[in-house]
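*Asks:* Each chain is listed here by its residues.
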Amino acid sequence: MTTTISGELTRPGLGGGFRDLRQSSFLLKLLVRKELKVRYRGSVLGLLWSYVKPAVQFIVFYVALGVFLGLERSARNPDGLSNYAVYLFSGIVLINFFSEALGNSARSIVNNGNLIKKIYLPRELFPVASVWVSAVHFFPQLVVLVIGCVVAGWHPDAFQLLAAVGGFAIVGFLATGLGLLFGAANVYFRDSENLVDMLLMVATWASPVMYSWTMVESKLGPGFFALYQANPITVGVELFHYAFWYPTTDGSAAMPPNLFSLWLPVGMVISLVVLALGQLTFRRLEGRFAQEL
Amino acid sequence: MANAIEVSNVSKEFVLRHTRSIKEAVVWLVKGRKGDLSKKFHALKDVSLMVETGETVALLGLNGSGKSTLLKHISGVMLPDSGSVYTRGRVAGLIEVGAGFHPDLSGRDNVYLNGAILGMTEKQINERFDAIVEFSEIGEFIDTEVKFYSSGMYLRLAFSVAVHTDPEVFLIDEILAVGDEPFQRKCIAKIQELAGHGKTLVVVSHDLDLVSRICARGVYLEHGNVLFDGPIDEAVARLRA
Numbered sequence: 001m002t003t004t005i006s007g008e009l010t011r012p013g014l015g016g017g018f019r020d021l022r023q024s025s026f027l028l029k030l031l032v033r034k035e036l037k038v039r040y041r042g043s044v045l046g047l048l049w050s051y052v053k054p055a056v057q058f059i060v061f062y063v064a065l066g067v068f069l070g071l072e073r074s075a076r077n078p079d080g081l082s083n084y085a086v087y088l089f090s091g092i093v094l095i096n097f098f099s100e101a102l103g104n105s106a107r108s109i110v111n112n113g114n115l116i117k118k119i120y121l122p123r124e125l126f127p128v129a130s131v132w133v134s135a136v137h138f139f140p141q142l143v144v145l146v147i148g149c150v151v152a153g154w155h156p157d158a159f160q161l162l163a164a165v166g167g168f169a170i171v172g173f174l175a176t177g178l179g180l181l182f183g184a185a186n187v188y189f190r191d192s193e194n195l196v197d198m199l200l201m202v203a204t205w206a207s208p209v210m211y212s213w214t215m216v217e218s219k220l221g222p223g224f225f226a227l228y229q230a231n232p233i234t235v236g237v238e239l240f241h242y243a244f245w246y247p248t249t250d251g252s253a254a255m256p257p258n259l260f261s262l263w264l265p266v267g268m269v270i271s272l273v274v275l276a277l278g279q280l281t282f283r284r285l286e287g288r289f290a291q292e293l
Numbered sequence: 294m295a296n297a298i299e300v301s302n303v304s305k306e307f308v309l310r311h312t313r314s315i316k317e318a319v320v321w322l323v324k325g326r327k328g329d330l331s332k333k334f335h336a337l338k339d340v341s342l343m344v345e346t347g348e349t350v351a352l353l354g355l356n357g358s359g360k361s362t363l364l365k366h367i368s369g370v371m372l373p374d375s376g377s378v379y380t381r382g383r384v385a386g387l388i389e390v391g392a393g394f395h396p397d398l399s400g401r402d403n404v405y406l407n408g409a410i411l412g413m414t415e416k417q418i419n420e421r422f423d424a425i426v427e428f429s430e431i432g433e434f435i436d437t438e439v440k441f442y443s444s445g446m447y448l449r450l451a452f453s454v455a456v457h458t459d460p461e462v463f464l465i466d467e468i469l470a471v472g473d474e475p476f477q478r479k480c481i482a483k484i485q486e487l488a489g490h491g492k493t494l495v496v497v498s499h500d501l502d503l504v505s506r507i508c509a510r511g512v513y514l515e516h517g518n519v520l521f522d523g524p525i526d527e528a529v530a531r532l533r534a
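Line order of the protein sequences matches chains B and G. Take 1 as the starting number for the first sequence in the working numbering and just add one per residue. Take 294 as the starting number for the second sequence in the working numbering and just add one per residue.
Keep in mind that the hints were calculated from the coordinates and are not lab data. Computed from a predicted structure; not experimentally measured. Any given hint might turn out to be false.
As the list claims (entries may be wrong) - Simulated crosslink set (PhoX-like; lysine-lysine; CA at most 20 Å straight-line):
(1) 440/G - 34/B
(2) 29/B - 416/G
(3) 440/G - 37/B
Make the full structure from the sequences, and use the hints.
*Replies:* If you want it as structure tokens, here you go:
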């Protein structure tokens, strides 16, 4: 809502994009708080579900992939990844953040259709609030991850911590941009949310969360590996590995080449371009939300 | 006096799309493209409306005449296909009260959430919170979840929040059927008080006796056209004729 002085005439209904978010930061805060309150209402475990779900997911993957499929390094399996549990979990928390953020923001406009049809407010608030809520849910998982890292002998330097912030930002921007895009498209075609579910399933496996990037490089060759690396989620996951897993190992594991000189900027640029495209599409489509919902 | 609302030559067309699945489209193609896949519907045809600051205007007409669509254009929920809409100052709508309420939140949380949705700042809500609760007569139930409210309590609280947003332009869409007789009288008194303070009111209602008490000017719409624009008594007489 624009806070104009009562002296000038304004056109109602024309949003200012992300500029509106600053003016409605109070509303954004309340929407986030509402989501957090409502999420686990009526459940006995409450917020504990935010720990239980990733914990179970982690155990399943660890046993199936680390133990059965032999990704964990052990005396009988010297080619495996050392501290595979930390490796796995640092990727999972980031993918979980991305999945929840994109899945919820893609549905946010349709779910809040009742409100959007009746009252004008900056509609970007809904996808952005969804991403924000996911970031809040990401936090307890991060705490668990850090505890796990410390147990495994984590000794990060400042640069490695910065890398984690960078990875989180890349994935956050990407989720917001795609959330705006698919959230707006979902108003017109409900295929959008199904497409998102499919994308999320692919995203989990299209970045080195479960496996190591070296396996991809040896199978794909340099050309396709560059394509694989250009996925911002891949860059985000690798940055998380660099920040959380790498400092728990003896340092003999190889990081993907040019991670900082090339792929970090590439991932960031792609994420920001997606964000800009998402915002642009959203603004073009939002004028007709009220009549299409 | 300056205009609070300027609606100039606004037209709005709705596409009534029956379906957009591939299956239906293929059937339509196979059948030799008989009929239209989508139907169009003119909700507003070249409507112009100037409202001065402090005026009280009633939009009258039968169902489907375009009253609510016009109101949605003034509030900014919808954008016109052609023509332009301008408003001066903050516009707040009582368009179906309680749209922003969440049943699982307490009355208190809902007051803040709905107040912010209607454009109030944190400070404004803090200042007016007691007045809102007092007006709504909710009392001790303010910390109860809204889903346990009776429908009357729910509407009273929603109306109370909306009426305390203090906008320059107030849009009211068929909400005066809220609550029991005494509360309804209280609402009308409040709306008349707002009008007395120089607020601009635009009211949509089928209760003709009520609007003739609140509003001075009546705009009679039919099928998206303005048929009459003038004193409320004449507009009501035309609609009744």
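*Asks:* Hints first: check each against the structure and report whether it holds.
*Replies:* We went through each hint and held it up to the structure:
no.	hint	in the structure
1	440/G - 34/B	15 Å, holds
2	29/B - 416/G	14 Å, holds
3	440/G - 37/B	15 Å, holds
The structure agrees with every numbered hint stated previously.
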